[in-house]
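Number of protein chains: 2
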Amino acid sequence: MKKILILAVALISSLAATAQQALWGSAPVVSPEINPDKTVTFRLKAPDAVKVQVTGDFLPTQKIKTPYGDFDGPGVADLVKNDGVWEFTTPSPLAPELYSYTFIVDGVKMTDPSNVFQLRDVASVTNVFLIDGDYADYFKIKDVPHGTVSKVWYHSPSLGMERRLSVYTPAGYEKGDNRYPVFYLLHGMGGDENAWLELGRAAQILDNMIAEGKVEPMIVVMTNGNADLQAAPGESSLGFAPPTIQLPKTMEGSFETHFPEVVEFIDSNYRTIPSKQNRAIAGLSMGGFHSLHISKEYPDMFDYVGLFSAAIMPDRKVKSPIYDNMEGKLKTQFDKKPALYWIAIGDKDFLYEANKEYRKKLDENGYKYTYRESPDGHIWKNWRIYLTEFIPQLFKK
Amino acid sequence: MKKILILAVALISSLAATAQQALWGSAPVVSPEINPDKTVTFRLKAPDAVKVQVTGDFLPTQKIKTPYGDFDGPGVADLVKNDGVWEFTTPSPLAPELYSYTFIVDGVKMTDPSNVFQLRDVASVTNVFLIDGDYADYFKIKDVPHGTVSKVWYHSPSLGMERRLSVYTPAGYEKGDNRYPVFYLLHGMGGDENAWLELGRAAQILDNMIAEGKVEPMIVVMTNGNADLQAAPGESSLGFAPPTIQLPKTMEGSFETHFPEVVEFIDSNYRTIPSKQNRAIAGLSMGGFHSLHISKEYPDMFDYVGLFSAAIMPDRKVKSPIYDNMEGKLKTQFDKKPALYWIAIGDKDFLYEANKEYRKKLDENGYKYTYRESPDGHIWKNWRIYLTEFIPQLFKK
Numbered sequence: 003m004k005k006i007l008i009l010a011v012a013l014i015s016s017l018a019a020t021a022q023q024a025l026w027g028s029a030p031v032v033s034p035e036i037n038p039d040k041t042v043t044f045r046l047k048a049p050d051a052v053k054v055q056v057t058g059d060f061l062p063t064q065k066i067k068t069p070y071g072d073f074d075g076p077g078v079a080d081l082v083k084n085d086g087v088w089e090f091t092t093p094s095p096l097a098p099e100l101y102s103y104t105f106i107v108d109g110v111k112m113t114d115p116s117n118v119f120q121l122r123d124v125a126s127v128t129n130v131f132l133i134d135g136d137y138a139d140y141f142k143i144k145d146v147p148h149g150t151v152s153k154v155w156y157h158s159p160s161l162g163m164e165r166r167l168s169v170y171t172p173a174g175y176e177k178g179d180n181r182y183p184v185f186y187l188l189h190g191m192g193g194d195e196n197a198w199l200e201l202g203r204a205a206q207i208l209d210n211m212i213a214e215g216k217v218e219p220m221i222v223v224m225t226n227g228n229a230d231l232q233a234a235p236g237e238s239s240l241g242f243a244p245p246t247i248q249l250p251k252t253m254e255g256s257f258e259t260h261f262p263e264v265v266e267f268i269d270s271n272y273r274t275i276p277s278k279q280n281r282a283i284a285g286l287s288m289g290g291f292h293s294l295h296i297s298k299e300y301p302d303m304f305d306y307v308g309l310f311s312a313a314i315m316p317d318r319k320v321k322s323p324i325y326d327n328m329e330g331k332l333k334t335q336f337d338k339k340p341a342l343y344w345i346a347i348g349d350k351d352f353l354y355e356a357n358k359e360y361r362k363k364l365d366e367n368g369y370k371y372t373y374r375e376s377p378d379g380h381i382w383k384n385w386r387i388y389l390t391e392f393i394p395q396l397f398k399k
Numbered sequence: 003m004k005k006i007l008i009l010a011v012a013l014i015s016s017l018a019a020t021a022q023q024a025l026w027g028s029a030p031v032v033s034p035e036i037n038p039d040k041t042v043t044f045r046l047k048a049p050d051a052v053k054v055q056v057t058g059d060f061l062p063t064q065k066i067k068t069p070y071g072d073f074d075g076p077g078v079a080d081l082v083k084n085d086g087v088w089e090f091t092t093p094s095p096l097a098p099e100l101y102s103y104t105f106i107v108d109g110v111k112m113t114d115p116s117n118v119f120q121l122r123d124v125a126s127v128t129n130v131f132l133i134d135g136d137y138a139d140y141f142k143i144k145d146v147p148h149g150t151v152s153k154v155w156y157h158s159p160s161l162g163m164e165r166r167l168s169v170y171t172p173a174g175y176e177k178g179d180n181r182y183p184v185f186y187l188l189h190g191m192g193g194d195e196n197a198w199l200e201l202g203r204a205a206q207i208l209d210n211m212i213a214e215g216k217v218e219p220m221i222v223v224m225t226n227g228n229a230d231l232q233a234a235p236g237e238s239s240l241g242f243a244p245p246t247i248q249l250p251k252t253m254e255g256s257f258e259t260h261f262p263e264v265v266e267f268i269d270s271n272y273r274t275i276p277s278k279q280n281r282a283i284a285g286l287s288m289g290g291f292h293s294l295h296i297s298k299e300y301p302d303m304f305d306y307v308g309l310f311s312a313a314i315m316p317d318r319k320v321k322s323p324i325y326d327n328m329e330g331k332l333k334t335q336f337d338k339k340p341a342l343y344w345i346a347i348g349d350k351d352f353l354y355e356a357n358k359e360y361r362k363k364l365d366e367n368g369y370k371y372t373y374r375e376s377p378d379g380h381i382w383k384n385w386r387i388y389l390t391e392f393i394p395q396l397f398k399k
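Chains L and D supply the protein sequences, listed in that same order.
Counting from 3, one number per residue, gives the positions in the first sequence under our numbering.
Counting from 3, one number per residue, gives the positions in the second sequence under our numbering.
So here's chain L without its partners, still in its complex pose (with noise of 0.2 Å):
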């Protein structure tokens, strides 16, 4: 037995020349752990350090002061100092969700090495842990059929570049000859072909909502919305850059105006039903901007909208053919009665009040839409959730 120890750990720790570290280089705290009524404790051995804190959006949020205004930042908390292990538990059970935190060690950001399960958003990367139940639990993987996820490329004749995007085919596509309709789901800035898969779990809500008989089986295309970006950061032929914060072709026309092409290459490259009837549009943010214009701007496209806090902004001075006659376009758009109208947002999002506007404007030309308002700021927590409140209501004329 010692023989075959010491054979599987020659093995596993000569996989890296750094994985020793895991399993020489300190001795084991678990964290984060979840304890049986919900509360979470976070550990981090580090007897040498002075301070060491814990910052995530399970903590109360905060004023950030920025040079550019107050933002609500994430909370932070102390841990507590015992034999070289530092330690904070929540004082109360957290409610389902996904949760994202980091340590904060003497003033130095870091992720938490006890926990290898990571996201990055934009330009930070940070530890997740999910507390199941309730809307939660879709985001979990369950023993349910489920579907393929691809990184494909496609070629875009308007950009002038081979782009990646990301496509979800339910369980059984590969069988069969079934053919399904397609629904896009578009990220907000700073995000990418990755996001909704990564922070939003898509393929599991769909895995499970399916298996639930609660969606139909549908195929899902997350496209890369910065229209100057081949693929996500490492993904493309501009190497391990480090992300951008200010991409300059994300509002100003070209992703929408290309859309079609992903229209055309899904509609040809898969077993779709390339009607108007079968094809869904929504995004959350920037992406929700997107997808207003985009089935505005092709009425005869899509017969399902949603716009998840829609990064809707009516006094941009961006010059683009398709931002023009806005108002004629959404009468054309609205005459033709889509299938569902949807908009969505918190009611702390700082996009809150230009949803408001929009809205106003809808009524006012007697357009049909369906409006749900939720607690909240600009947060993936109401995106997943809007998520999982979209999708049921799609294809099912």
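No lab work stands behind these hints: they were computed from the structure.
Fair warning: this is a prediction, and the values are worked out from it, not measured in the lab.
It is possible that some hints are incorrect.
You can't tell identical chains apart in this list, so a pair holds if it fits in one copy or across any two.
Stated by the list, open to error - List of simulated lysine to aspartate or glutamate pairs, EDC-like, C-alpha gap at most 20 Å: (1) Lys142 / Glu164; (2) Lys53 / Asp108; (3) Lys177 / Glu164; (4) Lys144 / Asp230; (5) Lys83 / Asp50; (6) Lys177 / Glu266; (7) Lys370 / Glu254; (8) Lys144 / Glu237; (9) Lys177 / Glu263; (10) Lys363 / Glu214; (11) Lys363 / Asp136; (12) Lys251 / Glu263; (13) Lys370 / Glu89; (14) Lys142 / Glu237; (15) Lys144 / Glu164; (16) Lys83 / Asp108.
Assemble the complex: chain L is given as a structure, and chain D must be docked to it using the hints.
Below, chain D alone, put in the same frame as chain L:
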């Protein structure tokens, strides 16, 4: 302009509660910086830290003492503090390679907060950077046609579970109706169906070598060789359970015995050429062990076999029908004259002697194989190189 900037910042910074950390939490430092002369500078802003080090496979190895013996571990270098920013520049240029590293801040291992590009290897997360040139150019994402990478679930009757595998289909697969040969590429102990894609850069290597005309377009299938697992850590119904170092069903026959189920799944779901002449199998370490046993157990399945630093263990006492009658099965396999039986290992690999013994046995029986000995030990550097050398030899008959 300022208004647009504020809006952009608001959009981005509210995407996640912690995104502000990256924007406002600390003055940015660039790390790692690959200098024009191919030296590399690492930086960390940590005004309150007492000691900051960097450790990684770009540094000369050092012996690490463990309860189970000494192992070669990564070297460590001290960063020097200047105005709150710690810095270290390699004394000489680095050779082309995909390198990994982490910081050690006052004794705590942490990833580099300036570098969002990370890889998990077993239970360790490290940052990565790429020095291009030579074979490492194949690791880059170039402007060539890209294959599709899919995460697919299949049912294993013998293991009694849904399991996940990764499939690379070459550029152009979706269009047209060509059929392709299939290469089954297996990982090592502690790895999973993501390992060859993430640590092994398999998709990039395939894309680039196919584009150069050096490699036949082929489907590459990357399984999970841990027979008690559905999928990689965080990707199965175990949820965010920490990766287990020692897995119960890794080299005891279950995985090898179930392998025809994988081949059957691939042949019935992809446009393969379902013949021995159009199938290859190779793996690293434990995956080399698997490839050895699977290819001899099913001698009509694979015409091309690759053992990369194979975990050949003649003295194992593990019982499984698949390990019985090794000599007779090898004779059957080699009597059928495989198109290629390729054995590769580093001259410092702890499995060097075991491989030498195995080759001796093949020699004694006059079994034909190709041998490749490289410098270095049991590390990904070798396995990536072996992959670039193995695939040009496949399906060329």
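Each hint tested on the structure:
1. With identical chains, the CA atoms of Lys142 and Glu164 are at most 20 Å apart between copies only, with a shortest distance of 15 Å across copies and 33 Å within one.
2. In the homo-oligomer, the alpha carbons of Lys53 and Asp108 lie at most 20 Å apart both inside one protomer (5 Å) and across protomers (11 Å), since each shortest distance falls under that limit.
3. Only between protomers do Lys177 and Glu164 lie at most 20 Å apart by alpha-carbon distance; the minimum there is 16 Å, versus 29 Å within a single protomer.
4. In this homomeric assembly, Lys144 and Asp230 come within 20 Å of each other (Cα to Cα) only across copies, at 16 Å, whereas the closest approach inside a single copy is 37 Å.
5. Both within a single protomer and between protomers do Lys83 and Asp50 lie at most 20 Å apart by alpha-carbon distance, with minima of 10 Å and 18 Å respectively.
6. For the identical chains of this complex, Lys177 and Glu266 are inter-copy neighbours only, at 13 Å across copies versus 23 Å inside a copy, given an alpha-carbon limit of 20 Å.
7. Taking the shortest alpha-carbon separations for Lys370 and Glu254, neither the intra-copy value of 27 Å nor the inter-copy value of 62 Å comes in at or below 20 Å.
8. For the identical chains of this complex, Lys144 and Glu237 are inter-copy neighbours only, at 10 Å across copies versus 29 Å inside a copy, given an alpha-carbon limit of 20 Å.
9. For a Cα distance limit of 20 Å, the shortest separation of Lys177 from Glu263 across copies, 16 Å, qualifies, whereas the shortest one inside one copy, 27 Å, does not.
10. Taking CA atoms no more than 20 Å apart as the test, Lys363 paired with Glu214 passes in neither setting, with 37 Å inside one copy and 56 Å between copies.
11. Taking the shortest Cα distances, Lys363 and Asp136 never come within 20 Å of each other, neither inside one copy (35 Å) nor across copies (60 Å).
12. Taking identical chains as interchangeable, the C-alpha atoms of Lys251 and Glu263 lie at most 20 Å apart only when both belong to the same chain, with a minimum of 17 Å there against 47 Å between chains.
13. When the C-alpha separation of Lys370 and Glu89 is checked against a cutoff of 20 Å, the pair qualifies neither within a copy, at 53 Å, nor between copies, at 59 Å.
14. Proximity of Lys142 and Glu237 under a CA criterion of 20 Å is satisfied inter-copy only: 9 Å between copies versus 26 Å inside one chain copy.
15. Within a single copy, Lys144 and Glu164 get their C-alpha atoms only as close as 35 Å, which misses the 20 Å cut-off; across copies the closest is 11 Å, which meets it.
16. In this homomeric assembly, Lys83 and Asp108 come within 20 Å of each other (Cα to Cα) both inside a single copy, at 13 Å, and across copies, at 15 Å.
In summary, the structure is inconsistent with hints 7, 10, 11, 13 from the numbered list given earlier, while agreeing with the others.
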